[in-house]
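Trainee: Below, each chain spelled out in residue letters.
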Amino acid sequence: RKEVEQDPGPFNVPEGATVAFNCTYSNSASQSFFWYRQDCRKEPKLLMSVYSSGNEDGRFTAQLNRASQYISLLIRDSKLSDSATYLCVVNRDNTGKLIFGQGTTLQVKP
Amino acid sequence: DTEVTQTPKHLVMGMTNKKSLKCEQHMGHRAMYWYKQKAKKPPELMFVYSYEKLSINESVPSRFSPECPNSSLLNLHLHALQPEDSALYLCASSQESSGPYNEQFFGPGTRLTVL
Chain A
1 RKEVEQDPGP
11 FNVPEGATVA
21 FNCTYSNSAS
31 QSFFWYRQDC
41 RKEPKLLMSV
51 YSSGNEDGRF
61 TAQLNRASQY
71 ISLLIRDSKL
81 SDSATYLCVV
91 NRDNTGKLIF
101 GQGTTLQVKP
Chain B
111 DTEVTQTPKH
121 LVMGMTNKKS
131 LKCEQHMGHR
141 AMYWYKQKAK
151 KPPELMFVYS
161 YEKLSINESV
171 PSRFSPECPN
181 SSLLNLHLHA
191 LQPEDSALYL
201 CASSQESSGP
211 YNEQFFGPGT
221 RLTVL
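Each protein sequence line maps, in turn, to chains A and B. So the first sequence is numbered by the working numbering: it starts at 1 and just counts up by one. So the second sequence is numbered by the working numbering: it starts at 111 and just counts up by one.
Hints listed in this document are in silico derivations from the structure and should not be mistaken for laboratory results. Careful: at least some of the hints might be erroneous.
[Unchecked claim] Heads up, incomplete: computed chain A residues facing chain B, CB under 7 Å, no partners named:
| id | residue |
| --- | --- |
| 1 | Gln-31 |
| 2 | Cys-40 |
| 3 | Pro-44 |
| 4 | Ser-49 |
| 5 | Gly-96 |
Model, not experiment: these values are computed from the prediction. We put the beta carbon where it would ideally sit given N, CA and C, even for glycine.
Between the sequences and the hints, there should be enough to build the whole structure, so can you do that?
Mentor: See the structure below:
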C-alpha cells in the first residue's frame, strides 16, 4: 500500500462543474499537507497548504479529516485552465522529505 | 519574489560527459532540494540541503554529486550518467527543512537527455 494514495483519474468534467479529489495517507503522525498543481512538462506549483481542518482560496477548498486520514480538494466552477495533474503531498515527519501521491489528472472540457 | 531559477532548461549529454545543473533562489530560504521526475510519475526526492549542509541523501548513485556553495545556490554535478537517468530535474526551496510549515517552491526544471 502506498503511503499517499490518490485516484489517478482522469476526471473529465464540463466547464462550470464542481469536482472533488480525495487523497488518503497512512501515517497518522503526519502534520501538514499540500496540494500542488502540475501542468504537462512544467514544474509543480503550490496550490494550497493545509495545516488544520481546511483551507479555502476562491474556487478551491481543501479539507483535512485526521480521524479518517484523508484530504480532499474541491474545485468549484471549473475552468478550462484548471486542466492539470493535482498532486497530494504529505509532510510526514518534518525532516524536509515530502511524500507525493501519484497525482490525479483533471481534464475540463468546453 | 517567489522564484526559483534553474539553468539550463534543456541538456543533452553523452554517457562520458561531465555537466552541471544550477539552481538559484533569492527568497532567503535555508533549505534547498533536488528532485528527479520521470514522465507521468511524481517527483522523487534526491537530496536535501539545510543551512548549506547535506541533510538527506536518498541513496542516490555517486554519479550525481550535489553542492551548495552558499545559501542561494545549489548545483548538481553529473558524471558518467546512464540513459535511464534521462528525466526532468527539479530544484525546490523552502524556509526551513524541518518543522510542519514546509512549503516547497519549485524551479522550472532542467530536462536532461542522456544519449
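Trainee: Next, verify each hint and record whether it holds.
Mentor: Hint by hint, here is what the structure shows:
1. Gln-31: At 4 Å from the nearest chain B Cβ, Gln-31 of chain A passes the 7 Å test, so the hint holds.
2. Cys-40: Hint violated; Cys-40 of chain A Cβ to chain B Cβ min 10 Å, cut 7 Å.
3. Pro-44: 5 Å, holds
4. Ser-49: 6 Å, holds
5. Gly-96: Holds - the Cβ of Gly-96 of chain A comes within 7 Å of chain B, reaching about 3 Å at its closest.
Hint 2 alone, counting from the list given before, is not met by this structure.
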